[in-house]
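Residue numbers (the numbering used here), protein chains in the order written: chain L, 1 to 407; chain D, 1001 to 1371; chain H, 2001 to 2177.
Honestly, I wouldn't trust all of these hints.
Below are the DSSO-like pairs computed for lysine-lysine, each with C-alpha atoms no more than 27 Å apart in a straight line [unchecked claim]:
#1 L:K336 <-> H:K2012
#2 L:K243 <-> H:K2098
#3 H:K2012 <-> H:K2155
#4 H:K2155 <-> L:K336
#5 L:K83 <-> H:K2012
#6 L:K336 <-> H:K2100
If you are wondering where the hints come from, they were derived from the structure by calculation, not from laboratory data.
Okay, here's what each chain looks like letter by letter:
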Amino acid sequence: MADSVTAAAPLPTPSRPADPTAGAAPGRPPDTFVDVRTQELQINMGPQHPSTHGVLRVALWVDGEIVTRADPDIGYLHRCAEKIGENVSYIMYVPYTDRYDYLAAMNNNLGYCLAVEKVAELEVPERAQYIRTIAVELNRIASHLMAVGTYGLDVGAFTPFFYAFREREEILRLLEWICGARLTYNFIRIGGVMRDAPEGWVADILKFLDDFERKLDEFDDLLTHNHIFVQRTADVGVIPIEKALAYGLTGPNLRGSGLRYDLRREAPYLLYDRFEFDVPVGTGMKGTLGDCWDRYWVRMLEMRESARICRQAIAQLPEGGEIMAKNVRHLAFKSKPGEGYVGIENPRGEFGYYLISEGGSSSYRSRIRAPSFCNLSILDAILPGTMLGDAVAIIGSIDIVLGEVDR
Amino acid sequence: MDTLVPHLQSAWQWATGSAFAFSLVLSILLVVAFVSVWAMFAVWLERKASADFQVRLGPVYVGPFGLLQSLADGLKLAFKEDLVPRESDRFLFLIAPAIAFCGAFAAFAALPFSPAFAAVDLDLGLFFVVAITAVGVIGVLMAGWSSNNKWSLYGAMREAAQLVSYEVPSALALMVPVLVTGSLNLKEIVGFQCAPIDAGSSGAIYLSANGWLALYSPWTFVAFLVYYVASLAECKRAPFDLPEAESELVSGFHTEYSGLRFSFFFLEEYAMMFVVSAVAVLVFLGGWQPLPFVSLDLGGAAGNAFFAVVFLAKCILLVWVQMWLRWTLPRLRVDQVMVMGYKYLIPVTLGALLLMALYAHWGVRYIPGIV
Amino acid sequence: MTAAEILATLEKDGQGEGLALFAGPQDPALVVPRERLRAVMTHLRDARHLAFDLLVLVTGTHMTEKKDAKSQAIVREQHFEVIWHLRSVRHRCVLAVKTKLPFSDPEVDSVADLWPAANWHERETFDLVGITFRGHPDLRRILLPDDWVGHPLRKDYVYPREYRGINLEVDAPWPTP
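Pulled out of the complex, with its shape left as it was, chain L reads as follows (with noise of 0.2 Å):
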């Protein structure tokens, strides 16, 4: 992985002055300016570094602080999950789907289950995809709670942080208390969910949600408007809707560039056509449209309309009824031959999964796509120019998680 990368390209020739001393024409007397010589440096933002997410390798070639050139380096994190797809049965397969997106394991699993639903012509029942929809939206806000904390501690604000993470403390014990787990649920079966929600379980979200929008209001107030954080993201990272679309950004780095495009609202997967909800996007509020200050944005405000998603589907949920299809053998569970896409909106951006089938316990082929591996490839578009502090700044913003960069 690091050889050829080193060796891609040769590094740029300086330009300066033939003769450094030279005025600018005849007969002057010489320039007091001379051209410093300096060399261009290669650096590893390496696999172990505070802020690249995970364990992501970006070589860049450094002019001073100045960035001209990046190349990102992944891999690091590949663990074959399109090949074990191939040869583990399709119950078998949940729990890898929480494994790419780890942060927001929820969307991977209802992604993974709607194209095996598809495939195999599976119909849900009502009160699994109310139950769906109300975890799917509650991993949302707990995703971007850590993408908007860890984003802070990017730039130097080690106090929000904690702020962001007392929130999602409560919602992992919301979570952990239906399913069992905190990051990993394994929640969302093929056909249904795993379990129902126990007593009190809605009521306790209620509460969560009652105060959940002043503190968001408190965590504003700490680092959105701050001036410093303005600063390091406004006008930093500008990412034209043109490109953005050329890159296959998708999900709030697509929104945060001025595109009100949401896959809730375009294709509308689960039950969210039932629901009222706005799709905000960036617009160039502080600073440039579609800087890193805009993305930063959209998230805080999609956590808002995470908890109006939520308090609907809680208030629509139906009060009893099956949360597991029928005639889902799960034992011996086999899918039709066909092929399906399904693309969801994920945290950041819009998870898919193509499912080729053969009839068969497992499929015949998985392709997963990652929102975070599409997101990344625009690095090496946008990063030259910028310097340091602002690399880690566009990065951040970007919101990676290389568990689905890599798979």
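Got chain L sorted already, so can you dock chains D and H onto it with the hints?
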């Protein structure tokens, strides 16, 4: 060896026999003891203060209120493996922490804790403090360079740029009180702030003519604020903690240090925090006087002890505010740090100096109704 | 717009030569022969009434030979398939475009200049399946180490026994010191 022992004996006789030598050695030992205890206390304060701001508890187990936690951590650091990277510049790597620490530590010699407690009464006290703390810059540069680590080099280069740049507004801001009081002697500056209104009056409590310099004139207040901000940059504290920017540089210049050598950098940081806070307190906040416009004149050991306690309390308050700023604010980028230093702080402080000089020429402190 | 409608639109636009529809169970797909790929992709992206401006996914698959159980006749030759999923933001639809590549010659044109998103997807397909993309600016392995041998997602992939001196056999004993 035979010629060494008589020399040692005569040195011992000199140190214990002559009163001056004995007091010199004693004061050095006292300063060393104070700095060590202060560092441990400051680490505890930082952890408790940050815990408060971050809605958590901080150290609670070791000792009452976790006060002995720093001692335990110091012991742990002492037992850690002393790593010296193989490709590093060994000599520079080993002496860098010492130089950085001595720069901050030597400034304690000139700080008066009360009218009677001062290691050395220097006429050039303020100048000495400003100059000697600049020696620490070299130690940090050495540490970053000799680590043979590109990230440490970044920390060192940023630190060189930042500290050298912020020496200017910091020293210029200190020139404003020097202009007003006409002296570089720290005791005299405090004396100016607690000079009585009636020259002939005596007694323990009296009204002071000038009061604290921070409240003396708008321009000294501006100088106080500029000095405080510039001193944050001198201590490499957030929002100016680029040299050790944890999220970017994995610890910056002290990445490769571990164990006791690393603790020297820690000691240096907290010693510097105390020094700059002490200078701010002495020069702008009335030193050891508890109230701004009413001064006390106590003598004797008890009085001086009281003054020392007041002085320490004020220093701890300023250090706590530094910690408060660190845990609240994000970090500035390096070019923003430079812009702030050169384009904002220096013009402001030059302006304050100029205007203070004009006011002093006209003999006024402030113009009522205008500024 | 479904795949059938898009095929009809392409035929109307004069790009329909050689195209077919894979109506298969669940998602339909547009089957494009290898030579027509770039022309069709360019048209799909640039035509205003199609406007597929978001490349979602590039998948490479190794389809093994399938024989009929009774007559042992070859139902499906061994070949590679590359499937592109495109999204149109304006028209709110998703389209799968497929192409078949012969097993002995897994090469296809790159679309990295049409959608820069394809850059990394094509590198990954090359890395894991072994399909080369003509015209790709920087085709090298992305997930696996640069000196890895073989393409793991092929069905005939044999797991290596060691890599750079590290023993990879599952049931081998720990090396004795």
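Hints, verified against the model:
no.: 1; hint: L:K336 <-> H:K2012; in the structure: violated (35 Å)
no.: 2; hint: L:K243 <-> H:K2098; in the structure: holds (25 Å)
no.: 3; hint: H:K2012 <-> H:K2155; in the structure: violated (39 Å)
no.: 4; hint: H:K2155 <-> L:K336; in the structure: holds (21 Å)
no.: 5; hint: L:K83 <-> H:K2012; in the structure: violated (41 Å)
no.: 6; hint: L:K336 <-> H:K2100; in the structure: holds (23 Å)
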